Amino acid sequence: MTTRPVAAPAPGTASAAPVTALRRHRRRRLLLVLAVLAGLIVALATLALTLGAASLPPGRALLALFGVGDDGDLFIVQRLRLPRLLAALLAGAAFGLAGALFQSTLRNPLASPDILGIATGASVGAVTVMLGLGLTGLAVSAGAFAGASVIALLIWFFAWRQGLHSIRFVLVGVGFAYLASSILAWLLASADQREAASALVWTVGSVADVRGTELAVLGLGLAVLALVVASIARWQAPLGLGDDHARGLGVSTDAARVGSLLAAVALVALATSVVGPLAFVALVAPAIARRLVDDGGAALTVSVATGAALVLAADVVAENGLLGVTAPTGIVTGLVGAPYLLWLLATHEKRARA
Amino acid sequence: MLTSPAAVPTSAAEQVARRTRRRLLACVLALVALAVVVVASLVLGVRDVSLPVVWQALTDPVAGDVDHRVIAGQRVPRALVGLAAGLALGVAGAVIQGVTRNPIADPGLLGLNSGASLAVVCAVWLLGLSAPSQFVWFAFLGAAAAAALVFSIGAGQPVKLALVGATVTALITPMITLVLLRDQQAFNLYRFWAVGSLTGRGLDTLVVVLPFIAVGAVLAAGLAHRLNMLALGDDIARGLGQRVGVTRAVAGLTIVLLAGAATSLAGPIALVGLAVPHAARRLVGTDYRWVLLLSALLGPVMLLGADVIGRLILPHSELEAGVVAAAIGAPVLVAVARGKKVSGV
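Sequence order for the protein chains is L and P. Our numbering puts the first residue of the first sequence at -12, with every later residue one more than the last. Our numbering puts the first residue of the second sequence at 9, with every later residue one more than the last.
Hints may contain errors.
[As the list claims (entries may be wrong)] Estimated spans, in silico, between C-beta atoms of each pair: (1) 232/L - 347/P: 23 to 31 Å; (2) 294/P - 242/L: 35 to 43 Å; (3) 147/L - 253/P: 55 to 63 Å; (4) 30/L - 210/P: 52 to 60 Å; (5) 182/L - 77/P: 45 to 53 Å; (6) 322/P - 25/L: 47 to 55 Å; (7) 51/P - 198/L: 51 to 59 Å; (8) 33/L - 252/P: 52 to 60 Å; (9) 294/P - 25/L: 53 to 61 Å; (10) 147/L - 294/P: 25 to 33 Å.
Rather than coming from a laboratory, the hints here were simulated on the basis of the structure. Bear in mind the structure is a predicted one, so any value in this text is a computation, not a measurement. C-beta atoms are modelled at their ideal positions from N, C-alpha and C, and glycine is treated no differently.
Required output: the full structure, derived from the provided sequences and hints.
Structure (structure tokens):
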């Protein structure tokens, strides 16, 4: 008798040949997807270093990256474009990973920091620091981090009722999003016009003006959180099966969920504090990743790559004025991400009906 | 058996009478609350004016008296705008919740406010409009477009409708921001409009939108009975002879009229339309004839109340009504989301 892979015995008894074949197939697919994404990121990065106010030929841009070329080229590439490129990659990776954690933990493709109000909370924190205290730089980042954390804890506190129900979590998040956005509107209305305009840019999010220290904070924080996520990633796949199955496999569901969500909130707060709330990256990146690899744990890795590629692509579009104006990065991600979410909602219903 | 068969009808009739008394009592209390907030909104503020002076300003104004000028020029228009916008938001919220059978529906939550905002911003940017009374038509247009989009995707599924609304808001926000970044003039007008406030809207805007609110309120009253049937489900409503499509279309028109009018009066105010019908249902039960009536009374109570609180909460300036209303409404949304009804969906 030959068994098809889908009908294989429980994952614990892994000696059966079809399971090994399936695993090998999955690993090959994962490597292929990651290779393609890496190629895409390299191509986009070359574009990002090449295009701009002063456009350099790709060869010269790459040479300047490694310290070869005249002072002008070195300044443009190493001082202006490289930090921006790194900020886009790191922030995209953080948002992608956070979104994947949110979605798999809450088992809801719509759970994202944009809908949950965590992004708006970060904006309220940052704008309070900018307009209320008149500070700039790292203080603004700290304000954003605090704002995002506070609103996440509030949602948590109010959504918790004999466990964490995912729809309740999302709805409570929507409620806090409205509260936060009305506070934000008030902050913008009561400020001086020029200050309000720069605060408005912050609330959209941009990778353009990230300085060295902020970049270092983002990089280090992301590295630490990625390690944390890697250590809890083995809970992700069982959680996706539903609470009962996960419990049956010996996973403490509440602990797993709390750990994943805390990591996700920390990632969002970290990335938002440096580049602002880039709308919908955390929503779209994992959705694309799930289409590429259909597997809980691997989807986390792929989400990191899709997030980085998405933000980089959005920034190339934003910086080079393809919208008719040099726009902050977050506008491009919002204009691409929201229609995608609408499409997701529209087709979700049809699938549910069918 | 202790109760004779003859006693049953009387006790049923008694029950009905008791329920009607309770509902009338709720309405009377709402009227009293309305009177209190109207008086408070005339009397209280940065400059407190005593009640007799207010009365004199209304009946026998003295030209040149500063208090009288404040009352007639600022507080009375503000109270009237609050009454009209509050009524419109309360009734619109009740109609939306009824027609979608959705406890978490509200003009703001469904993206109508952001649609209106986008249309207004584009009008300021492209056509150079600057007076709120000119915004009216664009606010209606934008609210209608957003409503059409949201209902076409999310109709029939309560939780999804709220998510589609939030998504449409999230889609429109970067568009608004894009316009605001290009046009300083638009940004300056918009940021004062977007916070949601009862000040700075003169009686001229009120005169323009009042007919829309009146038509919307009449349509809503006509819908009450149909909403009661619809609450039993589409199939039962159809079985009772209702054309559900017609009900939906009329309700959509009503919502756009009321929410568009409220938004052009007071800016995008979220969560009044959510909280008020819930409070009304608590007091008078699920009969939409009473829910709509009480929502029409409690809407202005909440909005004007928020406005008055906003005047008192900061020592030397004001917190706009929209901010206070959101601060009152968000806990209601959270409470509803925590309730069994929604988490079961």
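(message) Run through the hints listed earlier and report the numbers of any the structure violates, in increasing order.
(response) 3 and 5
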